[in-house]
Amino acid sequence: MKLLTHNMLTSKCLKGVNVGYPLGIVAKDIKVLETEFNSEFVLRIIPKLDWDTLWNAADSIGHSGDLPRTLCDDYENDVEFLKKAHHVLLEVEVINGELVCPESGRKFAINKGIPNMLLNEDEL
Amino acid sequence: MDTPSLSHLSVKDYAQIYEPAEDSFLLIDALEQDLIFLQKMKPSVCVEIGSGSGVVITAVAKALGTNSHCIAIDINPVACGVTQRTAQLNHTEVEVVTMDLMSGFHWDNRIDVLIFNPPYVVTPSEEILENKVYGDITRAWAGGERGREVMDRLFPMVPNLLSLYGAFYLVVISENCPDDIKRVMDELGFDMNIVKERKVRGEHLLVLKFVRK
Ligand SMILES: C[S@@+](CC[C@H](N)C(=O)[O-])C[C@H]1O[C@@H](n2cnc3c(N)ncnc32)[C@H](O)[C@@H]1O
Numbered sequence: 001m002k003l004l005t006h007n008m009l010t011s012k013c014l015k016g017v018n019v020g021y022p023l024g025i026v027a028k029d030i031k032v033l034e035t036e037f038n039s040e041f042v043l044r045i046i047p048k049l050d051w052d053t054l055w056n057a058a059d060s061i062g063h064s065g066d067l068p069r070t071l072c073d074d075y076e077n078d079v080e081f082l083k084k085a086h087h088v089l090l091e092v093e094v095i096n097g098e099l100v101c102p103e104s105g106r107k108f109a110i111n112k113g114i115p116n117m118l119l120n121e122d123e124l
Numbered sequence: 001m002d003t004p005s006l007s008h009l010s011v012k013d014y015a016q017i018y019e020p021a022e023d024s025f026l027l028i029d030a031l032e033q034d035l036i037f038l039q040k041m042k043p044s045v046c047v048e049i050g051s052g053s054g055v056v057i058t059a060v061a062k063a064l065g066t067n068s069h070c071i072a073i074d075i076n077p078v079a080c081g082v083t084q085r086t087a088q089l090n091h092t093e094v095e096v097v098t099m100d101l102m103s104g105f106h107w108d109n110r111i112d113v114l115i116f117n118p119p120y121v122v123t124p125s126e127e128i129l130e131n132k133v134y135g136d137i138t139r140a141w142a143g144g145e146r147g148r149e150v151m152d153r154l155f156p157m158v159p160n161l162l163s164l165y166g167a168f169y170l171v172v173i174s175e176n177c178p179d180d181i182k183r184v185m186d187e188l189g190f191d192m193n194i195v196k197e198r199k200v201r202g203e204h205l206l207v208l209k210f211v212r213k
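Each protein sequence line maps, in turn, to chains A and B. With the UniProt record's numbering applied, the first sequence has no gaps in its numbers, which climb one by one up to 124 at the end. With the UniProt record's numbering applied, the second sequence has no gaps in its numbers, which climb one by one up to 213 at the end.
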């Protein structure tokens with residue numbers, strides 16, 4: 001699970017949970033793999049992100065590096081910044097661990113890079 | 001669009017996951033026919049629900065490359081693992097999440113391309129729910145009444161999922177009553193058109209596409 005994907009996930013489907021976002025991350029295994037930098041893609045995805053969630057997620061697993069905590073105004077022209085964003089979004093992967101519902105503490109396993117968000121019947 | 005290699009899969013895998021068939025290939029053909037539209041739209045996020053072997057989302061990920069983030073979802077954990085392997089062996093990036101439809105998805109109106117080849121076969125309703133085991137193969141095709149029970153749960157979520165210019169591709173058969181689906185989606189604010197259709201072995205398959213009116 002890359003941090004870009006983490007940005008999109010919620011546990012709000014749990015009975016009694018309202019927002020369920022952002023999910024906490026317990027990372028047991030992290031893999032960092034270089035992937036091709038596509039600045040145009042990074043520029044298109046940034047406006048869709050919840051930046052706080054991205055930064056906190058990266059920080060909680062020790063990979064925020066020197067990624068800025070908040071987006072600056074003219075990031076579009078800052079190639080160094082876009083590369084850092086690319087790295088955190090697409091190159092840091094949680095292979096094994098857990099996602100944690102912020103409201104109920106319910107844990108969702110991440111196995112071989114795949115989070116399992118399925119619920120038991122009594123949780124719906 | 002190249003059809004991904006599935007040479008790593010065998011009969012043993014197909015006992016647990018959906019083996020690509022005419023419906024899968026018709027969907028790939030439809031997406032290929034729409035490829036210029038898709039490339040022009042520059043989708044940053046593409047999601048396939050019910051990826052099974054991963055044949056469809058891998059083809060899409062290969063065609064769009066690093067220009068978009070492709071995500072595969074399946075309720076069957078075995079299918080999720082296989083999808084991941086299919087993407088890797090075809091040298092492309094697909095993120096995989098095990099979930100029921102889009103129930104664990106937080107992002108509103110940020111999916112540019114949504115794809116679903118659902119379980120569409122007309123079966124008794126119990127066949128969907130009876131087999132509580134998520135890995136059960138019945139879920140790959142059992143659609144319940146009119147074959148609509150799984151896809152009908154997704155339709156009301158589509159307005160909250162798709163981005164402004166996003167597109168939703170759906171595989172159906174004539175028994176699913178495409179005219180009625182058109183009416184349902186019209187009420188939700190979407191236009192429908194048929195991208196491709198094919199009659200094979202007594203099944204009339206259609207790939208429908210929905211965009212905002
Ligand atoms: C007809 S198969 C399509 C597989 C593949 N996309 C293809 O075209 O060959 C339907 C897939 O949807 C999955 N599925 C069924 N119900 C689902 C649900 N509620 N949420 C997510 N996936 C589901 C099944 O496990 C199966 O892999």
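Derived by calculation from the structure, the hints in this document are not laboratory data. Careful: at least some of the hints might be erroneous.
Unchecked claim - Ranges between beta-carbon positions, derived for each pair: (1) Glu36/A / Asp2/B: 12 to 20 Å; (2) Phe37/A / Lys213/B: 19 to 27 Å; (3) Glu22/B / Lys12/A: 18 to 26 Å; (4) Glu40/A / Asn160/B: 24 to 32 Å; (5) Asn193/B / Leu124/A: 33 to 41 Å; (6) Asp66/A / Lys213/B: 44 to 52 Å; (7) Ile95/A / Lys42/B: 28 to 36 Å; (8) Glu19/B / Ile95/A: 39 to 47 Å; (9) Pro159/B / Glu103/A: 22 to 30 Å; (10) Asp59/A / His91/B: 28 to 36 Å; (11) Ser7/B / Pro47/A: 19 to 27 Å; (12) Pro159/B / Leu124/A: 21 to 29 Å; (13) Asp74/A / His8/B: 40 to 48 Å; (14) Pro159/B / Asp52/A: 52 to 60 Å.
Stated by the list, open to error - Simulated crosslink set (DSS-like; lysine-lysine; CA at most 30 Å straight-line): (15) Lys84/A / Lys15/A; (16) Lys40/B / Lys84/A; (17) Lys12/A / Lys209/B; (18) Lys62/B / Lys31/A; (19) Lys2/A / Lys15/A; (20) Lys209/B / Lys12/B; (21) Lys84/A / Lys42/B; (22) Lys40/B / Lys48/A; (23) Lys42/B / Lys31/A; (24) Lys48/A / Lys28/A.
As the list claims (entries may be wrong) - To spell it out: a stretch of chain B is covered by chain A in this simulated footprint if at least three of its residues, at any positions, have a beta carbon under 8 Å from a beta carbon of chain A; those stretches are: (25) 39 to 49; (26) 57 to 63; (27) 78 to 88; (28) 100 to 108.
The beta carbon of each residue, even a glycine, is placed where N, CA and C say it ideally should be.
Hint check results:
A beta carbon spacing of about 19 Å between Glu36/A and Asp2/B agrees with the range 12 to 20 Å that was offered as a hint. Checked against the given bound of 19 to 27 Å, the beta carbons of Phe37/A and Lys213/B, roughly 38 Å apart, lie outside it. Distance hint check for Glu22/B and Lys12/A: the Cβ-Cβ separation is about 37 Å, which falls outside the suggested range of 18 to 26 Å. Restraint check, Glu40/A to Asn160/B: a C-beta distance of roughly 27 Å satisfies the suggested window 24 to 32 Å.
A C-beta distance of roughly 35 Å is found between Asn193/B and Leu124/A, which places it inside the suggested range of 33 to 41 Å. For the hinted restraint 44 to 52 Å between Asp66/A and Lys213/B, the CB-CB distance of approximately 46 Å keeps it satisfied. Remark: the range hint 28 to 36 Å for Ile95/A to Lys42/B is upheld by a beta-carbon distance near 30 Å. A hinted range of 39 to 47 Å for the beta carbons of Glu19/B and Ile95/A is inconsistent with their spacing of about 28 Å.
Distance hint check for Pro159/B and Glu103/A: the Cβ-Cβ separation is about 26 Å, which falls inside the suggested range of 22 to 30 Å. Look at Asp59/A against His91/B: about 32 Å separates their beta carbons, and that is inside 28 to 36 Å. As the Cβ distance of Ser7/B to Pro47/A is approximately 40 Å, the hint placing it in 19 to 27 Å is violated. The hint said 21 to 29 Å for the Cβ distance between Pro159/B and Leu124/A, and at roughly 22 Å that hint holds.
Checked against the hint of 40 to 48 Å, the C-beta distance between Asp74/A and His8/B comes to roughly 46 Å, which is consistent with it. The hinted range of 52 to 60 Å is not satisfied by Pro159/B and Asp52/A, whose Cβ atoms lie roughly 26 Å apart. Restraint check: the Cα-Cα separation between Lys84/A and Lys15/A comes to about 37 Å, which exceeds 30 Å; the hinted pair is violated. A threshold of 30 Å between alpha carbons decides the hint, and for Lys40/B with Lys84/A the separation of about 27 Å falls inside it, so the pair holds.
A threshold of 30 Å between alpha carbons decides the hint, and for Lys12/A with Lys209/B the separation of about 29 Å falls inside it, so the pair holds. Between the alpha carbons of Lys62/B and Lys31/A the distance comes to roughly 22 Å, so the proposed pair stays at or under 30 Å and holds. Distance restraint check for Lys2/A and Lys15/A: the Cα-Cα separation of roughly 27 Å lies within the 30 Å cut-off, and the hinted pair is therefore satisfied. Of the pairs offered as hints, the one joining Lys209/B and Lys12/B is violated, with about 34 Å between alpha carbons and a cut-off of 30 Å exceeded.
For the hint linking Lys84/A to Lys42/B, the alpha-carbon distance of about 22 Å falls within 30 Å, and the restraint holds. Taken as a hint, the Lys40/B and Lys48/A pair is honoured in the structure, with Cα atoms around 19 Å apart against an allowance of 30 Å. A threshold of 30 Å between alpha carbons decides the hint, and for Lys42/B with Lys31/A the separation of about 28 Å falls inside it, so the pair holds. A threshold of 30 Å between alpha carbons decides the hint, and for Lys48/A with Lys28/A the separation of about 28 Å falls inside it, so the pair holds.
Against chain A, the region 39 to 49 of chain B contributes 3 residues with a C-beta closer than 8 Å to a partner C-beta. That satisfies the three-residue criterion, and the hint holds. With a cut-off of 8 Å between beta carbons, the region 57 to 63 of chain B has 0 residues touching chain A; three or more are needed, and the interface restraint is violated. Interface restraint, the region 78 to 88 of chain B with chain A: holds (3 residues with C-beta to C-beta distance below 8 Å; minimum three). For the region 100 to 108 of chain B, the assignment as covered by chain A holds, since 6 residues bring a beta-carbon within under 8 Å of that chain's beta-carbons and 3 suffice.
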